[in-house]
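Protein chains: 2
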Amino acid sequence: MKPNHHYQDVAETYLFSNIAKKVNAYLAENPEKSVLRLGIGDVTLPLAPAVIQAMHEAVDEMGKKETFKGYGPEQGYAFLRESIQAYYARRGVSLSTDEIFVSDGAKSDCGNILDLFATENSVLVPDPVYPVYVDTNVMAGRKISYMQATKENGFLPMPDPAVKADIIYLCSPNNPTGASYTKEQLKGWVDFALENNAVILYDAAYECFVTDGACRSIFEVDGARKCAIELCSFSKTAGFTGTRCGYTVVPEELVFDGMSLRKMWLRRQTTKFNGVSYIVQKGAAAVFSEAGEKQIQENLAYYRENAKLIATCMDECGIAYTGGKNSPYIWLQCPTGMTSWEFFDYLLKEIQVVGTPGSGFGKNGEGFFRLTAFGSRETTMEACRRIKALLKK
Amino acid sequence: MKPNHHYQDVAETYLFSNIAKKVNAYLAENPEKSVLRLGIGDVTLPLAPAVIQAMHEAVDEMGKKETFKGYGPEQGYAFLRESIQAYYARRGVSLSTDEIFVSDGAKSDCGNILDLFATENSVLVPDPVYPVYVDTNVMAGRKISYMQATKENGFLPMPDPAVKADIIYLCSPNNPTGASYTKEQLKGWVDFALENNAVILYDAAYECFVTDGACRSIFEVDGARKCAIELCSFSKTAGFTGTRCGYTVVPEELVFDGMSLRKMWLRRQTTKFNGVSYIVQKGAAAVFSEAGEKQIQENLAYYRENAKLIATCMDECGIAYTGGKNSPYIWLQCPTGMTSWEFFDYLLKEIQVVGTPGSGFGKNGEGFFRLTAFGSRETTMEACRRIKALLKK
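Protein sequence lines correspond, in order, to chains X and U. When we follow the numbering used here, the leftmost residue of the first sequence carries the number 1, and every step to the right adds one. When we follow the numbering used here, the leftmost residue of the second sequence carries the number 1001, and every step to the right adds one.
So here's chain X without its partners, still in its complex pose (with noise of 0.2 Å):
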């Protein structure tokens, strides 16, 4: 048996393991100094009220014989499926059911979809990105070429003509930039993408944290149904980080050399998936219903507080960044030219702030860092006040 190659090629990120390490390096030295994590790409709120009865219930269920429920459709309960079609309609997007996939998550989608490719396409990635875009399409061993996310352009490239590509990633808000595309520079994408016959790959993970207009779903956008496959998340919207539960949009129109992406994910997901959970179904649908919705945005609202909080702190002390408006995640200039990795220890070091060094997230996030917003009131709090002290000039 010949094992697949390409697993070769996809490169070690030791990103958090390295910030492990030097954090717990830095406690034995220093036992009795208070660490503060804002690096963490979790949640930390529990989950909605609404949500947890919705799984007590779920369970109850389960445990019942008359009530007991085996396999579901591999695409998700019709239940669900509506009240994300409802979600949906009500910001003005208009999808039908057979159009929504349930699935365990967004990071499972974003790697699963790719089956449906052929090998010998081309990619384009953002610089700095999320590292599973780069990694999937390595271990399928696609050619991958970057775009430039850079402070010049706000961490918001553009079409560049002469760079072509089948297969195109955008992610907005952006992580880990924070920075979000506004509606006419999406449609720039998806013409871009319907010119050149290339499909966009548009994760919308974050789109809850939208609240300055920016787009929330590509399919705002004219155009998109033809080019776009949209990927969402419970996690951030919802805490499902460890509840687990996404959903894929794959619009009819998406149909390339006559075959339907529809039909092609509906047959990989009825092959090589058997749904969700139907205790985490119904936790997730609990998220729409009234009750869900105003505590869910409650939630929302404690980690907006904290990105406003950090972001506050950034203009205090001087420091460029994007972020932190649309998104959970500042994204920050290390100042005094400072190298991602030296910012990390001088905070360590100086007063035992821990954030995540943009270049691990690829050769445009050197020289800066990201902080977020998913920790608690009052350790945003302090590591500001830290900052603060340390910083402001």
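It should be emphasised that the hints constitute simulated quantities derived from the structure, not laboratory data. Quantities reported herein were computed from a predicted structural model and do not represent experimental measurements. It is possible that part of the hints are untrue.
[Stated by the list, open to error] Covered stretches of chain X (chain U as the covering partner; in silico rule of three or more C-beta atoms under 8 Å from a C-beta of chain U):
1) 7–20
2) 255–261
3) 270–279
4) 308–317
5) 355–368
Cβ atoms here follow ideal geometry from the backbone N, Cα and C, with glycine treated the same way.
Got chain X; can you put chain U on it based on the hints?
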């Protein structure tokens, strides 16, 4: 963008939709008749009380800040991997927890594991067969050859030195035939795989039904750690078809061209998967608690008794069959030379019993028929009564 054209080569399977159509048409014409369904492969008993209790507790944990769980390890929580390790140890199979990967089900793993293998590998599958083995490889463009599972070899084909392959699928106890390999027979396959540098994908989803000393894990066989991956599931063991949890064992010794399949699978899962819901993992771990094991065995005993009733019915009718002993499936030869669909129509029309035509599982399934033990006791007894009245000589 070029779509993956291999999807065009996947055969459309209308097996279960054809069954539904025929049953619905019959009921439309005969609304007063009671149809007994022994065709499905889905469980019907509710989850065990120990599992329900563990999931309620886990839901409560997710609702409190102090006990909330965000992202967990992609390969599964240690508490569950250790429970699985102990489950194998009780059967004399020693595994490291690093070799155990928890997932959302054996069907997902069965498809996703193919990521690790180069496209040019050849594949050997039994006929008749669980269609997922074939479809997932056709989607990837691999060449498939078939080993003949027939009445003559007890539906347990052994290696043919003339038919080599890089990837070999074995399913024991088998779906659909219910036949199960002995340790000696599996040793023949392990030796063949080792001689030919092949990997065995061993589907053990029905291992919990083994009672007569047939192999429950391929790792009971010497040498298997150098050539086999084992796929297993809580679906049939503990009724998790709608709750979703499975696991795959990839031993350390599996190294091809210097590449460790265990490390590759870890990389695959950490890149394209984000772990199973904490709530579901807590439920799965409860399957191995003292109370859980006892309750699970009661459920299995219920299904085994159904299988025994059907097997006895076949004996009394003088109909040849496999399975029914180490398996929830009874694979019977259609009487009087009927084809699979002729027998289906005959049973539906004469006694309103619904099973699954064997021809739906491959060419060697023609002339055979699958009944399952997953119905209620009442349905099973009444179906047996009707079958005897119709077919007993």
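Evaluated hints:
{"no.": "1", "hint": "7–20", "verdict": "holds (count 3)"}
{"no.": "2", "hint": "255–261", "verdict": "holds (count 4)"}
{"no.": "3", "hint": "270–279", "verdict": "holds (count 9)"}
{"no.": "4", "hint": "308–317", "verdict": "violated (count 0)"}
{"no.": "5", "hint": "355–368", "verdict": "violated (count 0)"}
Against the hints set out earlier in the document, violations occur for numbers 4 and 5.
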